[in-house]
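Engineer: The primary structure of each chain is shown beneath.
Number of protein chains: 2
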Amino acid sequence: MIELYELAATDDKQVFSPYCWRIRLALHHKGLPFKSIPWRMTEKDRIAFADTERVPVLVDGEQKLSDSWKILEYLDERYPTPSLEMNRAELRFFRHWTEMVMFPGMIRMIIDEIHRTVHEKDRDYFRATREKTFGMPLEEFAANKEAKLEEFRKSLNPLRATLKAFDFLGGSQPNLADYLVFSGLMWARCTSPMPLLAEEDSVFAWRERMLDLFDGMARSIPCREMN
Amino acid sequence: MIELYELAATDDKQVFSPYCWRIRLALHHKGLPFKSIPWRMTEKDRIAFADTERVPVLVDGEQKLSDSWKILEYLDERYPTPSLEMNRAELRFFRHWTEMVMFPGMIRMIIDEIHRTVHEKDRDYFRATREKTFGMPLEEFAANKEAKLEEFRKSLNPLRATLKAFDFLGGSQPNLADYLVFSGLMWARCTSPMPLLAEEDSVFAWRERMLDLFDGMARSIPCREMN
Chain Z
8 MIELYELAAT
18 DDKQVFSPYC
28 WRIRLALHHK
38 GLPFKSIPWR
48 MTEKDRIAFA
58 DTERVPVLVD
68 GEQKLSDSWK
78 ILEYLDERYP
88 TPSLEMNRAE
98 LRFFRHWTEM
108 VMFPGMIRMI
118 IDEIHRTVHE
128 KDRDYFRATR
138 EKTFGMPLEE
148 FAANKEAKLE
158 EFRKSLNPLR
168 ATLKAFDFLG
178 GSQPNLADYL
188 VFSGLMWARC
198 TSPMPLLAEE
208 DSVFAWRERM
218 LDLFDGMARS
228 IPCREMN
Chain H
8 MIELYELAAT
18 DDKQVFSPYC
28 WRIRLALHHK
38 GLPFKSIPWR
48 MTEKDRIAFA
58 DTERVPVLVD
68 GEQKLSDSWK
78 ILEYLDERYP
88 TPSLEMNRAE
98 LRFFRHWTEM
108 VMFPGMIRMI
118 IDEIHRTVHE
128 KDRDYFRATR
138 EKTFGMPLEE
148 FAANKEAKLE
158 EFRKSLNPLR
168 ATLKAFDFLG
178 GSQPNLADYL
188 VFSGLMWARC
198 TSPMPLLAEE
208 DSVFAWRERM
218 LDLFDGMARS
228 IPCREMN
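From first to last, the protein sequence lines are chains Z and H. Here the first sequence stands for residues 8 to 234, numbered as in our numbering. Here the second sequence stands for residues 8 to 234, numbered as in our numbering.
I should point out that these hints are in silico values taken from the structure, not numbers from a laboratory. A hint or two may mislead.
Just some of the chain H residues that point at chain Z, by a computed CB distance under 10 Å [what the hints assert, rightly or not]:
#1 GLU97
#2 LEU98
#3 TRP104
#4 THR105
#5 MET107
#6 LEU166
#7 LEU170
#8 PHE173
#9 GLY178
#10 PRO202
#11 ALA205
#12 GLY223
Just so we're clear, the structure is a prediction, and the values are computed from it rather than from any experiment. Think of the CB as a built atom: it goes at the ideal place given N, C-alpha and C, for glycine as much as any other residue.
The shape of chain Z in the complex, shown without the other chains:
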């Protein structure tokens, strides 16, 4: 059976990396059963076999893959039906929009809460590496959440307008664009108590539909969001 190494909190089931979520959703999309292997940031040795220090790592027989995009490409080639349409440029745009607009907007609000969420043994490592990256204490980087929330919600405007007219970015059914964006929202939902979406938001309603997919798979994951 396919094995997926996923970043987990103290609770093995609380998987929260947006890059791992992409793969989890893609596997469900294709109806492929898999075994989730919880992994923590400081367990570099456990994934060294895949020549990487980061998850997701996917093991499928002889195949040992890292890098979420490469894994998606592998899955779509090896298990073509139903397709993820990896060769479509518009879908690629959603990858970059998610990584370049959505993630940066979110991380400034949730980084201190991610620190509280990661496994106890990862906390010092997480703080040290992230404070080096951002050049300041996590708490300073995450200050003024309210102002940032307004900016973040504004950055979702094109998504919001689209989801007023369609059930999913894929139209009547979810596709890779939905999975990519939703993975970002699961990152926040699993790590931070602050609700990022207002309940009357079309993005909120869409997220509810995404939470319902695959027999409520995403809804069943332990989360910290108060919503």
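Chain H: place on chain Z using the hints.
Structural biologist: Leaving out everything else, chain H in the frame of chain Z:
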């Protein structure tokens, strides 16, 4: 023959409205010949027959249509091949991204130059209406172009990354997403001398490909950009 009322500068051929450009490109996409009817902002009476004060206005036999999105929907229904795929949610996202991210980022840099570009008889009207909308003199609204240019270019990052991997947003051929985004760039190109794109940018290279489409149709339009 189909007639398209388009916003023009003093030169009848210098059409610069991004909403009109969408229709112009859609008509070329479908290989539909049309007659361009140059129109100026103060000529409300000339389009009153279509029950609107704004262009684009499209006349096709008995049909008299305004609103660029409604016109696109009409064209795609009436002339289905080749399709614009108006019913695809991902493409709708590009409409909203263009209108909500790209246009606001551009207008703050080019509004004073648009004022110099509009037909002489439109200038007072343009200044009065826009200064009322923005609550300040056009020159003030357009100040600090350099800082805004940096922000604008950053806002194109998801587009930039996508166009490093694909020739067009439609993949190997342009589709509605390309037309929507390119229409925005034609707005700037036709009205403002300041080059918005660096020549080494993948967005620049893509724009060159778009300028080449339909026997260089867009390239043949008088422009003010020094690039």
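Engineer: Taking the hints in turn, state whether each one holds.
Structural biologist: A quick look at each hint next to the structure:
no.	hint	in the structure
1	GLU97	holds (4 Å)
2	LEU98	holds (7 Å)
3	TRP104	holds (4 Å)
4	THR105	holds (8 Å)
5	MET107	holds (5 Å)
6	LEU166	holds (7 Å)
7	LEU170	holds (8 Å)
8	PHE173	holds (4 Å)
9	GLY178	holds (5 Å)
10	PRO202	violated (23 Å)
11	ALA205	violated (18 Å)
12	GLY223	violated (23 Å)
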